[in-house]
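K.L.:
If you're matching them up, the sequences are chains A and B in order. Using the numbering used here, the first residue of the first sequence is number 1, and each one after it goes up by one. Using the numbering used here, the first residue of the second sequence is number 1, and each one after it goes up by one.
No wet-lab data here; the hints were simulated from the structure. It is possible that some hints are incorrect.
As the list claims (entries may be wrong) - Derived BS3-like pairs: lysine-lysine, alpha-carbon spacing no greater than 27 Å straight-line: (1) B:K23 / A:K303; (2) A:K570 / B:K62; (3) A:K4 / B:K66; (4) B:K23 / A:K7.
To be verified - Using C-beta positions, here's what the derived DEER-type ranges look like: (5) B:D30 / A:N130: 45 to 55 Å; (6) B:D30 / A:Q134: 31 to 41 Å; (7) A:I20 / B:V48: 54 to 64 Å; (8) A:P255 / B:K24: 35 to 45 Å; (9) B:V48 / A:S502: 50 to 60 Å; (10) B:K24 / A:K227: 46 to 56 Å; (11) A:G387 / B:V48: 52 to 62 Å; (12) B:L20 / A:S567: 22 to 32 Å; (13) A:K111 / B:K24: 54 to 64 Å; (14) B:D30 / A:E115: 30 to 40 Å; (15) A:A21 / B:V48: 54 to 64 Å; (16) A:I420 / B:K29: 55 to 65 Å; (17) B:D30 / A:L35: 46 to 56 Å; (18) B:K29 / A:D46: 29 to 39 Å.
Stated by the list, open to error - Chain B stretches covered by chain A per the calculated footprint, using a threshold of three residues with CB under 8 Å from any CB of chain A: (19) 3-12; (20) 48-55.
None of these values were measured; they are calculated from a predicted model. A virtual CB, placed ideally from N, CA and C, is assigned to each residue, including glycine.
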Amino acid sequence: MNVKQKKNLARIIIAAALLIALNFVEIHGVEKLLLYAVPYLIISYDILLKAIHGLKNLRGLDENLLMTIASLGAFALAIYEGGDCNEAVAVMLFYQVGELFESVAVGRSRKNISELMDIRPDYANIETANGLEQVDPDEVEVGTIIVVQPGEKIPIDGVIVAGTSTLNTIALTGESLPRDVSIDSEVVSGCINLNGVLKIRTTKEFGESTASKILELVEDASSRKSKSEDFIAKFARIYTPIVVSCAAMLAIVPPIIFGDWSTWIYRALIFLVISCPCALVISIPLSFFAGIGGASREGILIKGSNFLETLSKVTTVVMDKTGTLTRGVFEVVAIHSKNLNFSETELLHLAAHVERYSTHPIANSLRKAYPNERDDCTIENVEEISGRGIRATVNGQIVTVGNEKFMDEVGAKWIACRKIGTVIHIAVDGEYAGHVVISDAIKPHAKQSVDEMQIAGVEKIFMLTGDSEKIAAKVATELGIKNYRSELLPADKVTEFEKILSAQVTGKVAFVGDGINDAPVLSRADVGIAMGALGSDAAIEAADVVLMDDDPLKISRAIKISRKCLSIVKQNIFFAIGVKVLCLLLGAIGLANMWMAIFADVGVMILAVLNAIRCLVAPK
Amino acid sequence: MKKTYKIDVDCANCANLMELEAKKTSGVKDAVVNFMTLKIKVEFVDGVDVKEVMERVRENCKRVEKDCEIFL
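Given the sequences, and given the hints that come with them, work out the whole structure.
P.N.:
Shown next as structure tokens:
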């Protein structure tokens, strides 16, 4: 609690104690009024001042003025009828309790969320002649060598030039498994260095580094308001004038007909107490704020309350295959020798040699499968033939590595493989030697994610891929995805996605991709979700929801978080409006008293705020 | 041009009122008040004196909500 809150708490306690004490004192008339005025003024002087200030500036009906009228009116009635002054003081007392609670609760969640997002580095260490010096990370230029000691946060993105260590990335990705890094590893800011001392050459400015970007993104998120928030803001604007006009009518019209002015004025005062829209106005943005905060702890960055809202309405999810459901890294899954002169190792050996200078992903996977490629074999006349493969002379023999067309051209009698994947044939001096099958592995949680999305209420799941029909069919069957489109060029993906979008009747369509070459589709989707975005600015830029690591399970989690948050928002809207309307009706027919009105105002607000805070906890 | 300022305000409804007032101030193209992060993001009309506009925004906000503050 800050000073202001403590002061208000003290005022509440003193006023409440005085009020209780006064109930044991036998007094009447003017003395009673004077005595009750003491706790009343203690608790409400600031509201009275604000009300006067508002009147002076022709502010119209703000809540300070309404509370002032309600409480002064209750006082007047109590004196006039010789009744109970407690209600008049209680209106202000509980109004202040509500205000205090609101400010404490909101302050707590602000703190909570900033602690969750505790990735802002405070300093960077720079090596100088006098040892290490701590400087403001904002002042560190690109290319500077910074030192990160164990237990410290990496302040700026960069590349390791000395040292090895393990990094804790939990604040960024929600992934608790530490990551090993060594020389030449790229590291991002916000990670915590666990054991070794690291020297890092910065590659970005502080403001452009991952930690700063993420913080900016999360802080900006609640500025993009959702439809629910707009609705409540508009509702609040009309709600108060309507209730106040009802109160005015209630105070004048029925007594002209039936008489009994004091009863009707009392009922009108009840209306004024209920006319404050606080519960709604605070609980809805708080729910979204807490929801976005809770999600970011899981490594799910939602770029706006509006996207959280749309995500909760998603019934169709379209996924890119490579990099989203599969690793996007090709691995050798089988080697089949079809010639007795070549062993399987020998095949891989030759293929890796031929692919030595190629940057194609296939070449990378072949070299990875045969790590000792740089031996003393001679490799000459390397020739890359686009759409076919590569040919080179290895130790005097012409080795051809490529697809079926290439084999036909060199006259090698190739044998088809039954294994699904990309088949790379190898021929030596025009004679067929065998083939290597490489394939992209499905991610460990892909199947679980698809299942959980369906449980969460996603009706249709599509998979789009540029890969061959055979590979697509295999992955789709394995994951239990019924709808897939294969052999799509990047441009086809957009057209295909638009077809899905236009076929959609209700609900929203999300697209999940790795953000590398699917930016056009990401931006066409109702919600674009980019995966594995840690360190990829382009993906963070293009997407509406950013999953910091590449675990597909995060997709279903994000959907679940959004659904929980929106159901809490709905509960709060219906509960708060419902209770208020009910109390207004009961008040109008004389079944509600001032205490019920206080509950409808303050009690509902407290309950709605507590409910909103539940959004912080992501559902399992 | 867009700029973000820190603000201080006690209640969510007051924050909405501040937003309305800021939007109405001349020289301001659009304004968003974020009660949860206590920030106001102001988009200015091209070519205005930002400092002078913000003074007026603050004045207008203070008129509707005495207790609020914009840190310029």
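K.L.:
Please name the hints from earlier in the document that this structure breaks, with their numbers sorted from lowest to highest.
P.N.:
Numbers 2, 4, 9, 10, 13, 20 - these are the hints that the structure violates, sorted from lowest upward.
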